[in-house]
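Peer 1: Here are the chains, one letter per residue:
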Amino acid sequence: MARAISPQRKFLTTGAAWAVGLLIFFPILWTILTSFKTEAQAIASPPIFLNFDWTLENYAVVQERSNYVRFLMNSIIIAGGSTLLGVIIAVPAAWSMAFVPSKRTKDILLWMLSTKMLPAVGVLYPMYLIFIKLGLLDTRTGLVVVLMLINLPIIIWMLYTYFKEIPGEILEAARMDGANLRSEILYVLTPMAIPGIASTMLLNFILAWNEAFWTLNLTAAQAAPLTAFIASYSSPEGLFYAKLSAASTMAIAPILILGWFSQKQLVRGLTFGAVK
Amino acid sequence: MSFKRSLLNTAVGIGFAAGLASVTAAETITIATVNNGDMIRMQGYTNQFTAETGIDVEWVTLEENVLRQRVTTDITTKGGQFDIMTIGMYETPIWGAQGWLVPLDDLSAEYDVADILPAMAGGLSYEGTLYAAPFYGESSMIMYRTDLMEAAGLEMPDAPTWEYIGQAARAMTDRDNEIYGICLRGKAGWGENMAFLTATSNAFGARWFDEEWNAQFDSEAWANTLNFYVDLLNEAGPPGASNNGFNENLSLFQQGKCGMWIDATVAASFVTNPNDSAVADKVGFALAPDNGLGPRSNWLWAWALAIPAGTNNEAEAKQFIEWATGKAYIELVAANEGWANVPPGARTSLYENPNYQAVPFAKMTLDSILSANPLNPTVDPVPYVGVQFAAIPEFSGIATEVGQEFSAALAGQQTVEAALAKAQAITTDAMEAAGY
Chain V
1 MARAISPQRK FLTTGAAWAV GLLIFFPILW TILTSFKTEA QAIASPPIFL NFDWTLENYA
61 VVQERSNYVR FLMNSIIIAG GSTLLGVIIA VPAAWSMAFV PSKRTKDILL WMLSTKMLPA
121 VGVLYPMYLI FIKLGLLDTR TGLVVVLMLI NLPIIIWMLY TYFKEIPGEI LEAARMDGAN
181 LRSEILYVLT PMAIPGIAST MLLNFILAWN EAFWTLNLTA AQAAPLTAFI ASYSSPEGLF
241 YAKLSAASTM AIAPILILGW FSQKQLVRGL TFGAVK
Chain E
1 MSFKRSLLNT AVGIGFAAGL ASVTAAETIT IATVNNGDMI RMQGYTNQFT AETGIDVEWV
61 TLEENVLRQR VTTDITTKGG QFDIMTIGMY ETPIWGAQGW LVPLDDLSAE YDVADILPAM
121 AGGLSYEGTL YAAPFYGESS MIMYRTDLME AAGLEMPDAP TWEYIGQAAR AMTDRDNEIY
181 GICLRGKAGW GENMAFLTAT SNAFGARWFD EEWNAQFDSE AWANTLNFYV DLLNEAGPPG
241 ASNNGFNENL SLFQQGKCGM WIDATVAASF VTNPNDSAVA DKVGFALAPD NGLGPRSNWL
301 WAWALAIPAG TNNEAEAKQF IEWATGKAYI ELVAANEGWA NVPPGARTSL YENPNYQAVP
361 FAKMTLDSIL SANPLNPTVD PVPYVGVQFA AIPEFSGIAT EVGQEFSAAL AGQQTVEAAL
421 AKAQAITTDA MEAAGY
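Chains as they are written, first to last, in this note's numbering: chain V, 1 to 276; chain E, 1 to 436.
Please note that a few of the clues may not be correct.
Stated by the list, open to error - What follows is a list of derived Cβ distance ranges for each label pair:
hint: 1; chain 1: V; residue 1: Ile89; chain 2: E; residue 2: Ala315; range: 43 to 53 Å
hint: 2; chain 1: E; residue 1: Ala433; chain 2: V; residue 2: Leu129; range: 18 to 28 Å
hint: 3; chain 1: V; residue 1: Val121; chain 2: E; residue 2: Pro381; range: 49 to 59 Å
Since the hints were made in silico from the structure, they are not lab data. These numbers were taken from a predicted model, which means no experiment stands behind them. C-beta atoms are modelled at their ideal positions from N, C-alpha and C, and glycine is treated no differently.
All chains should be modelled from the sequences, with the hints used to inform the complete structure.
Peer 2: So this is what it looks like as structure tokens:
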């Protein structure tokens, strides 16, 4: 029987959750608000919260100066492509490690994760030289491959953990009912794994969307995604915070909207196992 | 037959179209640049260049530090991503010496290379050959509040001493009303606090290295520089000065919270712009201070356009550089946006133009630029070129580390003596490791 929660306790925990949520969301909210201010209002001290003349001028300037759609399309293709490619490679890898483990499975998993511990700048030059040789500089294909490689350990880890939650007995029962390997994977495992795969893909898409080291260093004019779009509005000599905020808002809007609509899926995938 | 025929027709059509496209396609050059006001303005006029020459231009605009890392990676690996790079006085002589840049020794007579200010041309050359054309140049100077000076019963000379600046800053400070006598850079970085402090140290007779490349932070001149700076900001500076860079100080000044601000001359157009600055009509200008030893505390910098060696579009890139840094571009901007908005500090003819002489900060900018000498920046001789930096590849790394120590001293986390001792050790170790 579930433990009864007193109204006071519920009120307190709800309040605390809202406070933490607002605290985390505040920088994004502030960026969005600043994007509607003039440059002078953006740096006003004390800061102006809501009481200002809202203007769309910054968006107009950003729209006029930059080809937003090109940056957006590059972001979608690069983040989407690297996610798809990553999952195609990670599913069989995680599947085999979860269901046919060997003595070295744990070591392999740890080794894969260790590649994430290397600072990216440490391999910038070798990577750059490889890209020159392969003609991949400033191409979306190159970035799809690099971002897939960067996020692959995380995808494999997530899927592995997820698959481990699926009891072997279910598969055994399917086999006893006469299911062959194909039916077992397609009709038993996949339906159970879909929420896990979906949330992994979603998280990976967000990670790829926000990746700013490789996307800035391996692109120029053609394949630059929204991270480069934001970087083009940052200036150490000149106060352009309102325009920078407008550019940032335009860059994060698609991913915020995607996150908003898929939050149930995302939270469920990250907090619960497949059959818990 | 009809299928084969249509296939053949299609193939021929595609081939013809591709051939036609290759004949008529305009050349495209890719330019990496910074997000500074003058650069953004130039991007707006690029269509005119394309209309005149048929050359398309792709811009890659990045934040200054990102740009520096990006173009350095590309040029050292011969990546060939850019046909023109926006670089400064620090990179140009180093990259020119390495053979990474195309020499700009065959620009047209109409371009008039001799018109480039000698201080700028000198800083953008290696062994007498120009490797980058200045788009705009800057020095540093004092921007001060005329009303606060008057209220304090003071009058700013055109060329003040540091002693006078110290007195004026303390006299103008009114902490209860959030008025701070002086705002200076404190944020760590070779282009942040160390640009200011290196330029300031010149007036105190300090230098980074002696003629044998030995670090000089154990000298009395450096102790005097850093003690003066830390004391001044503690007594007359804004709270949290160790976090302030150009933008933070610009914001404070525009809101009327600084009595004086010593920083880039390019800031003059920001602080006098009534749309952004609450004190636009109360700003005066003076040369950066000295100590009576000869050198003043102003720096010298140029954002310049250079062509990386190995580009496939060298001729087109040169055409663009001639257009963007030529006299006609200045007139184009002046005609459309007024003389106060033309790129400053690059050409002698601009300062001889009576229309430009009427701009309030024009004379002080030119005087500041002319008073900086990158070849002989301080009292004693030095083995390096540069006013607020030493043009050696190791400098940016060393100065960033030293800047962190100085910033910590300003924040009160360590003494000035400790910061200088660490700076000496950091610099000595790094120079030994580099084989000097």
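Peer 1: Taking the Cβ atom of Ile89(V) and the Cβ atom of Ala315(E), is their distance within the range 43 to 53 Å?
Peer 2: For Ile89(V) and Ala315(E) the Cβ distance comes to about 46 Å; the hint holds.
Peer 1: If I claimed the Cβ atoms of Val121(V) and Pro381(E) lie 49 to 59 Å apart, would that claim hold in this structure?
Peer 2: Violated, since Val121(V) and Pro381(E) (Cβ atoms, about 37 Å apart) do not stay within the stated range.
Peer 1: Does the Cβ-Cβ separation between Ala433(E) and Leu129(V) fall within 18 to 28 Å?
Peer 2: At roughly 24 Å between Cβ atoms, Leu129(V) and Ala433(E) fall inside 18 to 28 Å, so the hint holds.
When the structure is compared with the earlier hints, a violation turns up for hint 3 alone.
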